[in-house]
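Single-letter residue listing:
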Amino acid sequence: MSTPRVLPVGEHALLVELDDGERAGALHAELLRRRAAGTLPAVTEIVPAARTVLLDGVADPPSLAAQLTTWEIPPLEGADQETVEIPVRYDGPDLADVAALWGVSEREVAGIHSSAEFRVAFCGFAPGFAYLTGLDDRYATPRRATPRTAVPAGSVALAGPYTGVYPRSSPGGWQLIGSTDAPLWDPRREPAVLLTPGTRVRFVPGGAR
Amino acid sequence: MTDRALSVVRAGALTSVQDEGRHGHAHLGVPRSGALDLPASRLANRLVGNAPGAAVLETTLNGCAVRPRWAVTVAVTGAPCPVTVDGRPVAWGAPVRVPSDAVVEVGAATHGVRSYVAFAGGIAVEPVLGSRSTDLLSGLGPALLREGAVLPLGRPGATRPPVDEAPAPGVPEELVLRVRPGPRADWFTPDALAALAAGHYRVSSASNRIGLRTEGPALSRSLEGELPSEGMVLGAVQVPPDGRPVVFLADHPTTGGYPVIGVVPEPDLAAAAQAVPGTPLRFVLTHWR
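So the protein lines, in turn, are chains A and B.
Our numbering applies: residue 791 is where the first sequence begins, and numbers increase by one.
Our numbering applies: residue 1044 is where the second sequence begins, and numbers increase by one.
With the rest of the complex left out, here is chain A:
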C-alpha cells in the first residue's frame, strides 16, 4: 500500500491524503480502532472525506504525522459488518433522466441501485448527509444543470460516484431517483446520524409508505 501523504493544516491539524476513497476508508477504520484501543493520541475530530482524513485538535501534529506513515493499514473488509437497510421507493423526478443516461429502463435503475453494496464514505454538506460509494464507475451521474431550490427530505439522489440521502429539505443539484422514510437524523439519538462514516448500506426497493 502506498504511503499516505500527510499535510499540515494550521497548528493543530493534519490532512492525510490517500490515493482513493477505499484507502481513505481503511485509514479511517484504523484510526477508529486505535482510538477505541486507546493507542491514538487525543484528537477532537476525525473527518473522513473523498480521499482524505482530517485529524483536528492534535496536540503534537509532527509526532502524529511521523507515526502515521509507519502504520500497516489493513484494507477495508465488509463481510463481517452489519448492514443498514434503507427502504426506498424508486419514484424520483429524475429517474427517467438517469435511466436514459445509463441506457437502461427505470425499473433497471432500481435493480442496479438496490443490488449494489454501499459504504458511507463520509458525511458533509449538512448534518447527517452521507456520501455513499458502491455503484460501479460506469453509473457515475452528473449533477443537474440547474439545482433545485428545495429537495424534499428523504430524497435518494445521485451525483458523481456518490449516492446521497437528504436528511431534510435543502437546495440541491443531485439527481433524485427515489425517496425513503428512514430516520436519518435524530439529535436525541446516539449517534444522531443513521449513516455514519464506514457504515455498510443496502437500498431495499418498495418500502412502507
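It should be emphasised that the hints constitute simulated quantities derived from the structure, not laboratory data.
The structure displayed is predicted, hence computed values, not measured ones.
Backbone N, C-alpha and C fix where the C-beta goes; we use that ideal spot for every residue, glycine too.
You may find that some hints are simply not true.
Where chain B lies over chain A, by a calculated footprint (3+ residues, C-beta under 8 Å) [what the hints assert, rightly or not]:
#1 832 to 844
#2 907 to 919
#3 974 to 988
Following the hints, position chain B against chain A.
Here is chain B on its own, set in the frame of chain A:
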C-alpha cells in the same frame, strides 16, 4: 415556563445564543458553531460568575434589548456599546445587577461587531448535541432571537461574581491575521502566497458567522477544477473560484471542495469576529515548525 427566564424586547439585527460550540461531530457534517469572539464570551461569563462555556447572547452591530423576569446579574463584553437598565446608563464590561422586569438595553456597537451578553446562570435552552449554540449554516440549536421570544435562564451557581471590570478593547486600525500556508498552497501559482501577504485586502460586507469574506487581489490557481471534498478546519483560508480568500469562522461547513491556501490560528479569529466591513486586512505568513 418559570419566572427564571427573559423575554426579548428588541431582537436586534442578528442575535443568537452561543456557547463554546458543538465539538466532536464534524464527521457527521455538524459544524462546530459557538461564539465567534470566544475570549469575550468567556469574559462575560466570568464577570457574572458562570462557567466559561455557559450560553450567552451574541449580538450583531446594533445590540438587543431583553427583560429578565427575575433579578439577575448581567455583563456585556465584546464590542463596546452603551448599556442601560430601564433607561439608566450602567457599566459595560462589568457585572450589573438587574431588578426583575427591568429592560436591559444593549446599544449599537461604538466599534467592533459583536457584543456578548451573559446572565448569571446562563441561557438554559435545550442543548442539541451537547451545545446551546445557534448554527446558522445548518440550522441546529435555538432560533435567532425574535421580539417576544422567551428564553429560560439557568440557576446561578455558588460562585460569587468577582468584583471585576473588563477594559474596553481599542479601535483596531487594521485586522492582521497570521496564516500558516497549506494544506493546498500547491494548488495556487507560485506567487499567490506572496500576493496574499502583499495584498491590500478589506473585510467584505458579505462576511457572516460562516466566514470572513474579503475584497482585494484575486489569488490565481495553478490547478483548475474542483478538489474532491475534504475536511475543513476553523480558520481555514478557502479560495473560491472568484479568487478572494474566505476565512472560515465558527459556522463553517465541515467539508469543502475549494482549496485551502493556509490556516489562520484560532487566537487571531476573535479580532476577525470584531472587524467591521471595510476594515483594512493584512495577512502575515508564518511557517509550521
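When I compare C-beta atoms, does the segment 907 to 919 of chain A have three or more residues closer than 8 Å to chain B? It holds, with 8 qualifying residues against the three required.
**Asked** Would you say the segment 974 to 988 of chain A counts as covered by chain B, given the rule of at least 3 residues with C-beta under 8 Å?
**Response** holds (count 6)
**Study point:** 8 Å C-beta criterion, at least three residues: is the segment 832 to 844 of chain A covered by chain B
**Key:** With 11 residues in contact (Cβ-Cβ under 8 Å with chain B), the coverage given for the segment 832 to 844 of chain A holds.
Violated hints: none; the structure is consistent with every hint.
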